[in-house]
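> Given only the sequences and the hints, what does the whole structure look like? Please build it.
Under full-length UniProt numbering, the first residue of the sequence shown carries the number 1, and numbering increases by one thereafter.
No lab work stands behind these hints: they were computed from the structure.
Keep in mind that a hint or two might mislead.
DEER-style ranges, computed between Cβ atoms [what the hints assert, rightly or not]: (1) Asn304 <-> Leu74: 47 to 57 Å; (2) Glu151 <-> Ala206: 13 to 23 Å; (3) Ala201 <-> Asp295: 24 to 34 Å; (4) Glu178 <-> Lys149: 46 to 56 Å; (5) Ile190 <-> Asp273: 36 to 46 Å; (6) Asn279 <-> Lys303: 22 to 32 Å; (7) Asp66 <-> Lys311: 42 to 52 Å; (8) Ala57 <-> Asp308: 21 to 31 Å; (9) Lys70 <-> Asp273: 37 to 47 Å.
Ideal placement from N, C-alpha and C gives every residue a C-beta, glycine not left out.
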Amino acid sequence: MKPIVAGVAGTVLLAGAIFVGTIVSDKISVDSNVGEQEATVQTQLPTTAAAQSVVYAPPSIEEVPDGPMKEAILYGYELVNNTHVAADEYVGNQLSCTSCHAGAGYDEQTSSLVGVMANYPQYIGRSGSIVTIEERINGCMVRSMNGKKFEMNSDELEAMVAYFAYISEGVPIGAKREWAGTSDMKNVPIPNVADGEELYAQSCIACHAADGSGTDANTGPALWGGNSFNDGAGMARMSKMAGYIQNNMPIGAAGTLTDQEASDLAAFILSQDRPEWANHDKDWPKGGRPNDIMDKEKREQIKNGTIDWEKVLSTN
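Printed below as a string of structure tokens:
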């Protein structure tokens, strides 16, 4: 596959060079990253097509044009939609990108990835640096997938970039993507874990199983346990989990849960054991570490009744 995907890196580097050049000349602002509440550097573009909203109209995966990039794009789609199978040697759980980004990122309503290339490179506070799309993908691989990074010149990484570039066609750098809202609850109510457990039993076990182990990576992913994301993933934060639940769950009735119900569910789910991220001490190297990361210490505090929820939720 190497000859097929060889042009991807050059395309990304060119886009990155244009974007970084714009950063130098334009006013820099701080915003929040989709799926991660992290400081991101974005340019204030002049009033051009790039600075305006664009229409959600991604090219169909069924109509990828023939040519040298077709195989890479289709392979990238498979990697995103069926990650734990297509890239099993890199994935440490039973999740796929589609577990959070429905329809391999095509779903307009569920953490869409359409146009994602328009956001990179960008500064991410958790990393303390400007990251490329390749680095962002690898961040998900080691956190959400609880696995290992792709090599920078690997077929897998280049194919995923090719796919993201394909579904980002027509979305210029800096464009406002109305469909790419953040799954983030700004003011999370103090949760009641017992109420969350009861609500989970009523509404969630059909897809996610009573023990949180899930029923299918794409329609009912594991929410805790060894086959779920580790506690270094964005979803291991109360604000992110509560926001995602409220915006997307339950399937077919998204947006019907109150802030309190979403918070209760998030607290119950994140109180359960899950793989541990080994590098918490290296995250947020320039400060700004949020308090609502539900690591092992906080899970233990929930279990023994000593958690200070006001402190945990104080910086959201």
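> All hints are to be evaluated individually against the structure, with a verdict given for each.
For each hint, the structure was consulted:
The beta-carbon spacing between Asn304 and Leu74, approximately 50 Å, falls within the hinted interval of 47 to 57 Å. Checked against the hint of 13 to 23 Å, the C-beta distance between Glu151 and Ala206 comes to roughly 39 Å, which is inconsistent with it. At about 25 Å, the beta-carbon gap between Ala201 and Asp295 stays in the expected band of 24 to 34 Å. The hint said 46 to 56 Å for the Cβ distance between Glu178 and Lys149, and at roughly 32 Å that hint is violated.
Separated by about 23 Å at the C-beta atoms, Ile190 and Asp273 break the suggested range of 36 to 46 Å. Between Asn279 and Lys303 the Cβ separation comes to about 24 Å, which falls inside the hinted range of 22 to 32 Å. Checked against the hint of 42 to 52 Å, the pair Asp66 and Lys311 fails, with Cβ atoms roughly 57 Å apart. Checked against the given bound of 21 to 31 Å, the beta carbons of Ala57 and Asp308, roughly 47 Å apart, lie outside it.
A hinted range of 37 to 47 Å holds for the C-beta pair Lys70 and Asp273, which are about 43 Å apart.
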